[in-house]
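Q: Please model the complete structure; the sequences and the hints are all you need to start from.
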Amino acid sequence: MTSHQRKTGRRRAIVGGLSALGITGAAIVTSTLLAPAGAATTVAAWPQAKGSKPVATTIEVSGTYDGKLARFSGTGELGSDGQSESQKPLFVLKDGATLKNVVIGTPAADGVHCLGSCTLQNVWWENVGEDAATFKGTSKTAVYAVHGGGAKGASDKVFQFNGAGKLVVNKFQVADFGKLVRSCGNCKKQYPRTILINDVDVTTPGKSIVGVNANYGDTATLRNIRIHGDAKKKIKPCTRFTGNDTGKEPKEIGTGPDGTTCRYEAGDLSYD
Numbered sequence: 002m003t004s005h006q007r008k009t010g011r012r013r014a015i016v017g018g019l020s021a022l023g024i025t026g027a028a029i030v031t032s033t034l035l036a037p038a039g040a041a042t043t044v045a046a047w048p049q050a051k052g053s054k055p056v057a058t059t060i061e062v063s064g065t066y067d068g069k070l071a072r073f074s075g076t077g078e079l080g081s082d083g084q085s086e087s088q089k090p091l092f093v094l095k096d097g098a099t100l101k102n103v104v105i106g107t108p109a110a111d112g113v114h115c116l117g118s119c120t121l122q123n124v125w126w127e128n129v130g131e132d133a134a135t136f137k138g139t140s141k142t143a144v145y146a147v148h149g150g151g152a153k154g155a156s157d158k159v160f161q162f163n164g165a166g167k168l169v170v171n172k173f174q175v176a177d178f179g180k181l182v183r184s185c186g187n188c189k190k191q192y193p194r195t196i197l198i199n200d201v202d203v204t205t206p207g208k209s210i211v212g213v214n215a216n217y218g219d220t221a222t223l224r225n226i227r228i229h230g231d232a233k234k235k236i237k238p239c240t241r242f243t244g245n246d247t248g249k250e251p252k253e254i255g256t257g258p259d260g261t262t263c264r265y266e267a268g269d270l271s272y273d
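Residue numbers (our numbering): 2 to 273.
These are calculated hints, taken from the structure and not from any lab test.
We put the CB at the ideal spot given by N, CA and C, even for glycine.
Accuracy of the hints is not assured; some may be wrong.
Stated by the list, open to error - Simulated DEER-style distance windows between Cβ atoms:
no., residue 1, residue 2, range
1, W47, G248, 16 to 26 angstroms
2, E78, D273, 23 to 33 angstroms
3, G97, T205, 35 to 45 angstroms
4, P193, G248, 17 to 27 angstroms
5, D273, D96, 31 to 41 angstroms
6, K189, A45, 34 to 44 angstroms
7, W47, E78, 23 to 33 angstroms
8, S53, P193, 18 to 28 angstroms
9, T65, P193, 25 to 35 angstroms
10, S53, A267, 40 to 50 angstroms
11, T205, K69, 24 to 34 angstroms
12, T261, T205, 27 to 37 angstroms
13, N216, T43, 35 to 45 angstroms
A: Here is the structure:
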């Protein structure tokens, strides 16, 4: 296979993933999306929140919810930012819903839950609680889009992928985290999951960009990843596990690109 054929295949894979989300266009399909990572650059500043909105009861979203960059923080039964798996989320998005222009403050409870296909656009987590967002749809055609935004202070996971389908994280930034994306390693119901992470700024400290289950047919594609402050390259770009459906701790079986489960090349990552 020629170099041109390889690049064309990679281009089709990325554009195809974004086309499914309805976020294609000249600005995405051209230079930023298709170019190699190149030199890491200064990370964009976070937005200033415009007012505060305490959330005592989970907000259910159908259609589009525009937070207008207000800061939403849990109170009452949502007033926790610990690691309990039983916490309720601040937002629940029904199938096809969009949440945009939201700053999630502290406490963040269990962040955002997507029950089916969803779009998170320009959503910022100032201090992740249990997880920033959990994707729970059961259809293999479900598509979860994270476009813009950022997250800090995730002692474990930022995005927890429990359901079926495809997750695309595009133009995002993350700092001080455990894992940016984790395909559930021990859920009772398992699926083959597709993950695409593109045009993302990663700032230390952090452990892993994505973790996937090789035995269930997961794939993770990394493109245009800029890693800041990791001169010794301690952050693992892609980690493979043997997942299970029994609740046991999944076994790590490897890291790095393998062309099958972890799909990226050295040129897809840059360091400064």
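Q: It remains to establish, for every hint, whether it holds in the given structure.
A: Hints, verified against the model:
1. Distance hint check for W47 and G248: the Cβ-Cβ separation is about 37 angstroms, which falls outside the suggested range of 16 to 26 angstroms.
2. Checking the proposed 23 to 33 angstroms range against E78 and D273 shows it is violated: the Cβ atoms sit about 43 angstroms from each other.
3. With their beta carbons about 36 angstroms apart, G97 and T205 fall inside the hinted range of 35 to 45 angstroms.
4. Checked against the hint of 17 to 27 angstroms, the pair P193 and G248 passes, with Cβ atoms roughly 20 angstroms apart.
5. Our hint of 31 to 41 angstroms for D273 and D96 holds, since their Cβ atoms are close to 40 angstroms apart.
6. Checked against the hint of 34 to 44 angstroms, the pair K189 and A45 passes, with Cβ atoms roughly 39 angstroms apart.
7. At about 28 angstroms, the beta-carbon gap between W47 and E78 stays in the expected band of 23 to 33 angstroms.
8. For S53 and P193, the hinted distance range of 18 to 28 angstroms is not satisfied, since their beta carbons lie about 41 angstroms from each other.
9. Between T65 and P193 the beta carbons are some 30 angstroms apart, a value that agrees with the proposed interval 25 to 35 angstroms.
10. Evaluation of the 40 to 50 angstroms hint for S53 and A267 yields a pass: the beta carbon distance comes to about 44 angstroms.
11. Our hint of 24 to 34 angstroms for T205 and K69 holds, since their Cβ atoms are close to 32 angstroms apart.
12. Between T261 and T205, the C-beta spacing of about 28 angstroms keeps the proposed range 27 to 37 angstroms intact.
13. The hinted range of 35 to 45 angstroms is satisfied by N216 and T43, whose Cβ atoms lie roughly 40 angstroms apart.
The structure shown violates the earlier hints numbered 1, 2 and 8.
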